[in-house]
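Let's have the full structure, built from the sequences with the hints guiding it.
These protein sequences, in sequence, are chains Y and X.
Under our numbering, the first residue of the first sequence carries the number 1, and numbering increases by one thereafter.
Under our numbering, the first residue of the second sequence carries the number 1, and numbering increases by one thereafter.
Worth flagging that the hints you see were computed from the coordinates, not collected in a lab.
Please read all numbers here as calculations on a predicted model, not as lab measurements.
Beta carbons: idealized from backbone N, C-alpha and C, even for Gly.
Check the hints yourself; a few may be wrong.
[Stated by the list, open to error] Short derived list, chain Y residues pointing at chain X, Cβ under 10 Å:
#	residue
1	Gln-139
2	Asp-154
3	Gly-155
4	Met-192
5	Ser-210
6	Asp-259
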Amino acid sequence: MKKLLLLLTLLVSVTVFAQVPDSKVPLPTDIAAIKKAGKLVVAMNGPDSPPFFSSQGDELHGLDVEIAKSIAKQLGVPAEFRRDAKNFAEVAEQVRDGRADIAVSKLSITGPRLQVLRFSNPYVILRQSLIVNRLWLSQNTKGRESYEVIRDFDGKISFIRNSSYDTYARINFPKAIFLPEDSWDTVINNVMSGKIDAAYRDEFEIKKISFERPDAALSTKTITISDSVDHIAVAVRPNGLQLLGIANFVIASQYNNIDVKKLMNRYKENK
Amino acid sequence: MNLKKFLSSPWTILGSILLAVAGGVYLPQEVMTLEPIGGIYISLLKVVVLPFLFATILVGVVGLLQKEGSRSMIKRIVIGFLASMFIAAVVGVGSTVLTGSEMTPEKKIQLGALVNNKDQGAEMIITLKEPMPVAPKPSAGAMIQKFIPENIFQSLDAGESLKIVIFCLIFGIALGNIKSVGQEVLIDIFKSVQQASISIFKFLNYFLPIALFAMISTQVAKVGVGIFGTMVDFIIQQTVGGFLIVAIAIVYIAWKSRKGIATTIKGIQETFMIAVSSRSSLACIPYSQDALVKLGYNKDAVELTTPLSFTVNRIGSIVYYAIATAFIAGIYDLHLGVAGLVVVLFGSILAGLASAGTTGILTVATVAVVCDLLRLPSEAVLVLFIAVDPLMDMIRTASHVIGNMGVTAFVAEVENGKVLS
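Printed below as a string of structure tokens:
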């Protein structure tokens, strides 16, 4: 009888204490705001970028969609994707200005972005890559090795406007002529036709060209820079530390160590 | 008709070639099982070629030294080589100008997809800051070194024909200049080696129709019909170039020997077949010598000139390089004006010289010598060239062998008849 009473008291106390975080201690402000809104607003770039995110009719698919949904699940709210950003820079701005809670949008960590946003641990680590117009390369070798021509690149280089590669290009190829474009397709067409000499992006996007534009192999050459990185991570506002912790937990437990090979496999499966 | 006659009839050989092409196109997997037969045949041809070559050059050099007029023959060899290389380059450039086709965007897309297909994962990896491994550059010394034999037994073992020929020339000159009884004995021994080798070649000839079928059908099957369609312009240009060289050589050989075109074609058809099927110019040396001697050309001169010209004077490759470079220029929309064509002309001769002693893919890759002069990228297109090379090698070897028979005809005098000069 005494034992039964003790057990009863214990049970009651456990239920009482278990409710503590919900009722007595207030939630951190970033989480509280999400709970209050009843949804996690995820900023995601407008143009599709498979296998990170792409839409088929009304449905969204991809790695970033999965990650965002896992984070929302941890919070017990649904994820709402806003896709009105026209480029990666606008995605970053939406989070910075509070129009979205989080950016899961194949966003690279860069110096300028680190000044206004907080990034999670990377879930994808890529190297930086170039496709170079072959004719330009052989006409500008001037007795040098190909790698020397790239290190000293002084031709016309193109990339997506205000993307991470806009930043990287100005750091790594200071002698180049910079020609940013809004559309990646335009960049590829221009390097194939010789209008520009090189296109700059991550190794995955560069590898993807050989599947989408098999004829590019004749006019262009793929060059991967082994001592470079492109960290793809989730971004939140500077005061979103609690949300960041959840994002890091989701990444560490489910989306760890995704490299170019795994991305390529995901991409081919979807094709 | 008895079996021997049937096997050596030109109609049997022509039939086996046609069957081989059909077999390669329609039953590619089945004919690939025949590949070892072709391999065995080429090995059997080559196993006697080296002793034959050795004996023939020595006998030729000593014979020449004992006669008058060796100096004028050397002069003719040099003139013959230079003239033939120039003609080959002109023919190469000429056939691109004659058969030059427009490179349309559709064609480029097809070719590009093919490169992509054949060249998966061929990305280049570099560093921006960290040191790069430095590849040693081939020096001019290394270029010359490939002509100089260091250890003749090693060269025989490795089949380095160029070094063997040069050793034989040096050794033959030394042998021809010593006055001893031993010299004649040695020459007699080498003459026996030569005759024994020839009887083996003659025996092997009976298996030619079977070997031809195996070798040609497997080459056709390897290339495949798909790429054949995409590369058809290139294949046609190379065929025209090869045909012109063969035609010029035949006309010259016939004119100088006064034997008539028909007799000349009949005389060299066997050599032509061996060239096309074996793709080994070395294996053609005994057949070409036999053919030229039968057409009335001086035996000693023929026996000395053919090994030298077949190994050094890369007529087939020069034609190939000229056409290949013009093809690459077309792909990259680089208009070759008169100046560009002149660069192609002399660049091809240079590449031909640089390609001495190389075979297969290495020979094809030497096209970079001409492309570098024009600052054209050859790397991507090389993948396409290698894919169709089983066929191109046939054309290259045939024009090389018959072309050099023409050079030999220029050097050697015609006996049993009036010599024209």
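Status of each hint after checking the structure:
A distance limit of 10 Å between C-beta atoms decides the matter here; for Y/Gln-139 the minimum to chain X is near 5 Å, and the interface restraint holds. At its closest, the beta carbon of Y/Asp-154 sits 15 Å from a beta carbon of chain X; the interface hint therefore is violated under the 10 Å criterion. A distance limit of 10 Å between C-beta atoms decides the matter here; for Y/Gly-155 the minimum to chain X is near 14 Å, and the interface restraint is violated. Interface restraint check: Y/Met-192 against chain X, minimum CB-CB distance 9 Å, threshold 10 Å, status holds.
For Y/Ser-210, the suggested interface contact is upheld, since its CB lies about 5 Å from the closest CB of chain X, less than 10 Å. The interface hint given for Y/Asp-259 is violated, since its Cβ lies 15 Å from the closest Cβ of chain X, which is over the 10 Å cut-off.
Of the hints listed earlier, those the structure fails to meet are numbers 2, 3 and 6, in rising order.
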